[in-house]
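For the record, the sequence lines run as chains Y and S.
Taken in order, the first sequence gives residues 43 to 354; the numbers are from our numbering.
Taken in order, the second sequence gives residues 9 to 386; the numbers are from our numbering.
Simulated from the structure, these hints should not be mistaken for lab results.
Built from N, CA and C at the ideal position, the CB exists for glycine as well.
Accuracy of the hints is not assured; some may be wrong.
[What the hints assert, rightly or not] Restraint ranges, calculated between C-beta atoms of paired labels, are given here:
#1 Y/Ser235 <-> S/Ile19: 50 to 58 angstroms
#2 S/Asp187 <-> Y/Ser314: 21 to 29 angstroms
#3 S/Trp237 <-> Y/Ser235: 40 to 48 angstroms
#4 S/Val32 <-> Y/Thr170: 44 to 52 angstroms
#5 Y/Ser160 <-> S/Pro126: 49 to 57 angstroms
#6 Y/Thr157 <-> S/Trp237: 39 to 47 angstroms
#7 S/Ser189 <-> Y/Asn341: 50 to 58 angstroms
#8 Y/Leu205 <-> S/Ser10: 38 to 46 angstroms
#9 Y/Thr170 <-> S/Asp336: 53 to 61 angstroms
#10 Y/Ile311 <-> S/Leu316: 44 to 52 angstroms
#11 Y/Leu205 <-> S/Thr333: 45 to 53 angstroms
[What the hints assert, rightly or not] In the BS3-like style, the derived pairs of lysine-lysine whose C-alpha atoms are separated by at most 27 angstroms in a straight line are:
#12 Y/Lys126 <-> S/Lys365
#13 S/Lys157 <-> S/Lys236
#14 Y/Lys312 <-> S/Lys182
#15 Y/Lys312 <-> Y/Lys126
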Amino acid sequence: MRILTTDFFFSIFRIATPILLATLAAVIGEKGGISNIGLEGIMMMSALFGSLSAFWSKSWVIGLLAAMAVGLGEALLMGVFAFKLKTDIILVGTAVNMIGSGGTIFLVKTITNVTMGSALTSTTSLITKELQIPSIHIPLIQDIPVLGKIISGHSLLTYLAFLLVWLTIVLLYKTPLGMNIRSVGENPNAASSVGVSVSKIRFITIGIGGILAGMGGAYMSMYYAMGWSLDMVAGRGFIALAAQSMGGGEPVGSMLAALVFGFAQALGIKVSATGVDSNLVAPIPYIVTILSLVVFALNQRRKERKRYRGAA
Amino acid sequence: MSRKNRTKFSIIRGAAALGIGLLVAFLLIFFGSEGSTVGEKFSSALDALREMLISPLFRKDGSFSLKNLSDVLAGMIPILFTGLATCIMFAANQFNLGAEGGIMLGAFVTSLVAIYVPVPGPLLIIVAVLAGAIASAAVMLIPAVLKAKLGVSEMVNSLMLNYVIMYFLNYLMKSFLADTSKGITQTFPFQDNALIPQMINNGSRLSWGFVAGLIMVVLSWFFMYRTKWGYGIRMTGINQPFVMYSGMNVAMIIILCQVLGGLLAGMGGGIEVLGRYNVYNWSALPGYGWTGITVAILAGNNPLYVPLAAFFMSYLTKGCTLMSTNTDVPAQLISIIQAVIFIFFAAQQFLSGYRQKLVVQSAKEEMAENNAGKEALR
Chain Y
43 MRILTTDFFF SIFRIATPIL LATLAAVIGE KGGISNIGLE GIMMMSALFG SLSAFWSKSW
103 VIGLLAAMAV GLGEALLMGV FAFKLKTDII LVGTAVNMIG SGGTIFLVKT ITNVTMGSAL
163 TSTTSLITKE LQIPSIHIPL IQDIPVLGKI ISGHSLLTYL AFLLVWLTIV LLYKTPLGMN
223 IRSVGENPNA ASSVGVSVSK IRFITIGIGG ILAGMGGAYM SMYYAMGWSL DMVAGRGFIA
283 LAAQSMGGGE PVGSMLAALV FGFAQALGIK VSATGVDSNL VAPIPYIVTI LSLVVFALNQ
343 RRKERKRYRG AA
Chain S
9 MSRKNRTKFS IIRGAAALGI GLLVAFLLIF FGSEGSTVGE KFSSALDALR EMLISPLFRK
69 DGSFSLKNLS DVLAGMIPIL FTGLATCIMF AANQFNLGAE GGIMLGAFVT SLVAIYVPVP
129 GPLLIIVAVL AGAIASAAVM LIPAVLKAKL GVSEMVNSLM LNYVIMYFLN YLMKSFLADT
189 SKGITQTFPF QDNALIPQMI NNGSRLSWGF VAGLIMVVLS WFFMYRTKWG YGIRMTGINQ
249 PFVMYSGMNV AMIIILCQVL GGLLAGMGGG IEVLGRYNVY NWSALPGYGW TGITVAILAG
309 NNPLYVPLAA FFMSYLTKGC TLMSTNTDVP AQLISIIQAV IFIFFAAQQF LSGYRQKLVV
369 QSAKEEMAEN NAGKEALR
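Isolated chain S (complex conformation) (with noise of 0.2 angstroms):
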């Protein structure tokens, strides 16, 4: 297939992946709307659809919103680490699913840090969302041995880890480190200095860690792209007998990829709360990294687009809280349309009989160029 044909085919494929979900997502505000006849139904679905969709960034009165696209930008700042994180690991076909969990810890070593540490003027954030990111590759480390060096399932055990981690931190938070003065769990506030400053003063906590993020992604590709290692990581998920026979070293491939997953999640924790809070008070799992799947997944597993993917799910998250409150629709939606869009992108074989006509087109239009210029050396 040329070049053309096959962008042509994956931008089609991505519209009616997502075209399936806004339906999906109608027929289901359809069924639960208010009116007593069909018609009145349609249009309070449509009412809420159309809300869900243009809400994140115009107003009623159809004027550009500058602070709900900001909302939507720092929305992107977690899962733009988490999917980068899922991309790395699902490259190499490890599938673990402990960049909810990683999240979570980097959050909070994060924060002890920022609390606690005594380091000088902006180090401070560096070093705090250092050492989160380095706690949660250090727990990667434990999916990645036991399926490098044993065989066991890294996504059982990455799940596994995500309950343990979670119930782990929610003990420490109770029993030592909560601010017993306030009604709510959480810590005392991070020293002043470990604050990430905002791009934007606007309430959306649209901090310079989404640089950050945007930064990560340019080294994420490079790293994937451009050296051995990342060439390591994406053979073995293409052909893992390949890479052991030429010679490089499938255990620490899997290994490294995973440790690095954790690291990038850590990282997005760290700089999540940094940015966004002045105190730690996380008490379940965030769901960020569930997000990061579908991101990784939307991305194909390419760096690259990560950001795109990230900003689509933001908005359409911001959308649907947008819609919660505006109409009776309940915001869980979003779980629902992530699920469709998602697994239409995952499905290799969605759409390939429109893709067997491009190639079959190609291949003739090629057979066509070659008869004429046989006709011509004549």
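For reference, chain Y alone in the conformation it holds in the complex (with noise of 0.2 angstroms):
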């Protein structure tokens, strides 16, 4: 059987660009100095009401703003509990995701029900072709051989992702705001006392991953499978999280490691094709997760090292 074939390469975009749009969010986050690690919750939640409003609306684009909207509420909720109430970040993100597991069947049963008359648990039927996020062919790129069949015809989104991985370092190293961002990261006294707004800077943050994290949630039920079904973000949340570290919360970097866990998925649907178990199959990005984290702590201590030994 031939793996590297261009359908391959192209199936690793696609996979790649929900974790890497929370990878962006876990990057900024990480940045301000919060660990974010209700991404997985957000993303479920916005996945959720972005499909519902799309078929609401009869319209895509109503929808991917909605589920931008619910994502960027639910971080500012999430910034209220952890920087007003002083709640432990890491506390309030598994809320966040305990509400995206058990909450969002509840919610969908419960809108359904009063909706249209019959409780749903999934909104698969509800979306679609005409409300799937569009794909785009890029004239001229599309022609050329094996490249534009790998390059071309991706979802908008995935475009946009990779463009915002741009405006991520734009953000970040580029603007007023962005170095208000890491400044506040780093050490949030500092910062205070030059006169910057610690706690509105955090909100800032949070929210920009929230809205990110929004639109990953809209690609997963409105472009990677048509329509919101329970726990179909499955750690990408998490995974997003891995790729930040693994990239050593840089942007370029963390999105080559979203990319890697792109590579290792779509790998394991090429191998499950071939008849292996599905349960052997589907492991192999969390697997992936914990062995590149490790490989990335070997190689910062070995850094560190180096740089102790050049001091001495």
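Build the complex: two chains, separate frames, hints provided.
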């Protein structure tokens, strides 16, 4: 069997997109000193409301915007608990994930029962081809042999996600806001002493993350799968945290890490097509996460040792 | 703040958190309930809420239901263990979320021993449960050692391990262990002497594992509050540099608390399967690990309060199940209530204005007493 087909490379980008969006959320969050483990739950919730809004409004644009709004709202709510009520951010994230798992099924049943008269347990029947986030065929590039088939024809959000990597770099390193985010992340007291409103910056940081995770959720329910179903995000929010730390917290490195996860999962899908038990293939991304965190930590340690030796 | 005021504050704070949780539940039920007018919706929402809060103990006619109570107590068994596991890990600030995978692995390994290993009499129960506990503790070594030696986030690793454990066990079940004569994926039945006897034979599955859980509560409390290692664990959570500079082995403490967490979670899984079923048929993570986290937070990481918190969670879960059978409110409402109560319990500054008032009040009282004493001396 040939594995390295154009289809395969195409699927890497397709699979990596939601992870990349969440990874950027994690990158910006960690730069601002916020470990947002609630990305998973935010993606789940925005995936649900994105698909529902798209169905109600008959427009994928509204669906996408609604998903981003829900992501933003949930992130700001997390901010209220974490920064105003001084709740440990990890516990806030855990609560968001609880709601993202069991709470979404409650909401989808209740909402569809009220609006349509029958309690649905997923929205897979509601999202049709017209409501899917559109794919874009890039003129000229799509005619390039091999490369065209890999790069062209992806979802709008896939291109947006890679554009956002660049925007994240610009935001973090070329704007006053990015400077403030990083300074609050590194030393909130110092930032505060020069007149930066720490609380405001933190809310902005977590809010941006919420919007990005919301886009990731919309991609899951309105492009990757047609419609929302329970636990469809399946740990991508957590994998994003791993990608962030594997990429050393920098946008480009984390993007590459997200692509590694895309590769691992695409490979898994290929392998399972040959008849290998899916239960052996499904855990590959999670195992890759653990291994890559270890490799990253070992690398980091070696670098530090070198630096000490250099200094001595 | 005086001791009396402190107790008063924590009771009021807890009650307020519960109140908010129930209010959110009420609003959600109200939104989804049937009825054309607001009044009708209101009364049907009230009915559903009453169903949820009262039906776990009382029947429709108001008489006490022992069966429902024993259901609630039986439901406590797994979350007692995951709650204790999470208490010990969180007390050291180790946010290991692996109790979920740990309880599944413990249940699985215990089941294998209960099916295939010939051990005479009730000894089999002990051997099987210990095997499950040790397997789960061994797996927890992975996030624990990686955290202690390399500083890798135990949180991400334990979450990833949950998924790995689930898929790997499902693979083993499907490929090697399933009893293929059955329609669903399940193992062959346990040996008869592996089943944990029931305390009440009314179908609630309230086994003697419940008592084992309570014993573990006491042991965990003793370990955490009366031994050197327990002190080290708690101090690591409060002030890690202090523990390091006072010469305790921080890496060892970080590993120990997570291994103990795994041990307890695995034990809980083993006791749960042997007390409730006669085959193993879990195909997904059971969710007890997450409830255990809530239990630990409600208990303030103190093992002694774990039974209370576990009872509360089990009661609410049972209430939501009964509510969903008798009304058309989905049982998953429990996740939302759980999350809301959880987060208000965890919020340090929740009602801080009120706490401030109590502090000022007791300070004033103290000053008044002092002044009165001085007056008397004159």
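Structure-based check of all given hints:
1. Evaluation of the 50 to 58 angstroms hint for Y/Ser235 and S/Ile19 yields a failure: the beta carbon distance comes to about 40 angstroms.
2. Between S/Asp187 and Y/Ser314, the C-beta spacing of about 25 angstroms keeps the proposed range 21 to 29 angstroms intact.
3. Roughly 41 angstroms separates the CB atoms of S/Trp237 and Y/Ser235, a value that falls within the hinted 40 to 48 angstroms.
4. Under the hint 44 to 52 angstroms, the C-beta atoms of S/Val32 and Y/Thr170, about 34 angstroms apart, miss the expected range.
5. Checked against the hint of 49 to 57 angstroms, the C-beta distance between Y/Ser160 and S/Pro126 comes to roughly 53 angstroms, which is consistent with it.
6. Between Y/Thr157 and S/Trp237 the CB atoms are about 56 angstroms apart, so this pair departs from the stated range of 39 to 47 angstroms.
7. Between S/Ser189 and Y/Asn341 the Cβ separation comes to about 51 angstroms, which falls inside the hinted range of 50 to 58 angstroms.
8. Separation of Y/Leu205 from S/Ser10 is about 60 angstroms and departs from the stated range, judged on CB atoms against 38 to 46 angstroms.
9. For Y/Thr170 and S/Asp336, the hinted distance range of 53 to 61 angstroms is not satisfied, since their beta carbons lie about 28 angstroms from each other.
10. Taken as a hint, the range 44 to 52 angstroms holds for the pair Y/Ile311 and S/Leu316, whose Cβ atoms sit roughly 47 angstroms apart.
11. The hinted range of 45 to 53 angstroms is satisfied by Y/Leu205 and S/Thr333, whose Cβ atoms lie roughly 50 angstroms apart.
12. Under the criterion of a C-alpha separation no larger than 27 angstroms, the hint pairing Y/Lys126 with S/Lys365 is consistent with the structure, at around 19 angstroms.
13. A distance of roughly 22 angstroms separates the Cα atoms of S/Lys157 and S/Lys236; the hinted pair therefore holds under the 27 angstroms criterion.
14. Straight-line distance between C-alpha atoms of Y/Lys312 and S/Lys182 comes to about 21 angstroms, which keeps the hinted pair within the 27 angstroms bound.
15. Of the pairs offered as hints, the one joining Y/Lys312 and Y/Lys126 is violated, with about 47 angstroms between alpha carbons and a cut-off of 27 angstroms exceeded.
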